[in-house]
Amino acid sequence: MWGVTVDDPWNTAPTVQALARLPRRPTARIVFDLRPRATDYAAPVAAIRRAADVMGLLVDSSDLASLPPDAYAARLHEYLDALWPLVDVWEVGNEVNGQWTGDSRTVAAKVALAHAAVKARGGRTAITLHYDGGCSATPPDRGAFRWAARHLSPGLRREVDYVWLSYYEDECPGTRPDWRAVFGRLGTLFPRAALGIGECGAEDARRRPGALARCYRIRAPHPRFVGGYFWWHFSEDMVPASRPLWRSLASLVPGDAEARALPGARRAR
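Numbering-wise, the sequence shown is residues 1 to 269 according to UniProt numbering.
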């Protein structure tokens, strides 16, 4: 799976063109903001889906704490009802272990509710954990693996279809994670899920070309690793397709033969 994050689907025609011109069909991870109604997204999502598979991010991690459980449940069902035929995978939890998402038990309950609702309709789910490489000030109980083991039920961890790690290398300058060990540990926690990178980027625009290349070149030697990547700044950096970083991205997206060489390639479909 070769993905990008689309946080401005309203710029629809240039976004569709930028997606369609990539060397292989990508997955567009569309961020659903809090203010628009679900029905407002129907037209842009339908247009984007002509050029890409769609993963819908129900609530970004930065907004999760602001939604009490009843409002979260109402939003969940509004979006599932309005956009169900247009979304291939539902990201039911984004950076769920982040300190900024709110009380861990409340976050876990929201994730469980959304996962169950999607599964009840026969859909596919994804969860993203924030991974900082172990060198930030993240409290131990908010680390990706400890949080998931403690707060996500064994049943959910067996059922979820995709588990992603968000990774911003600026949080750990000068270090390179041991991806074999990282995804080995993740795969043990989530014994059936396809695994990959669910978000990457760089705050400093000057660092983005290098960060982009390093992110999309991550290859974890795990049998369920499917790629992902989902560059956060796609709408800003790569739309329209005439922008320099679009060309950089296109050079990093492989043709079919190389893509099939990923360990978990069959799972990504």
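No wet-lab data here; the hints were simulated from the structure. Nothing here was measured: the structure is a model prediction, and the numbers come from that model. There may be inaccurate statements among the hints.
[Said to hold, decoys possible] Simulated DEER-style distance windows between Cβ atoms:
#1 43 - 180: 17 to 23 Å
#2 146 - 242: 41 to 47 Å
#3 217 - 37: 17 to 23 Å
#4 172 - 88: 28 to 34 Å
#5 42 - 122: 37 to 43 Å
#6 120 - 191: 20 to 26 Å
#7 155 - 8: 19 to 25 Å
[What the hints assert, rightly or not] The calculated lysine to aspartate or glutamate pairs, modelled on EDC-like cross-linking and capped at a C-alpha distance of 16 Å, are:
#8 119 - 81
#9 119 - 70
#10 119 - 161
Note that the Cβ used here is the ideal one computed from N, Cα and C, for glycine as well.
Which of the stated hints cannot be reconciled with the structure, identified by number in ascending sequence? Structure breaks hints 1, 3, 5, 7, 9.
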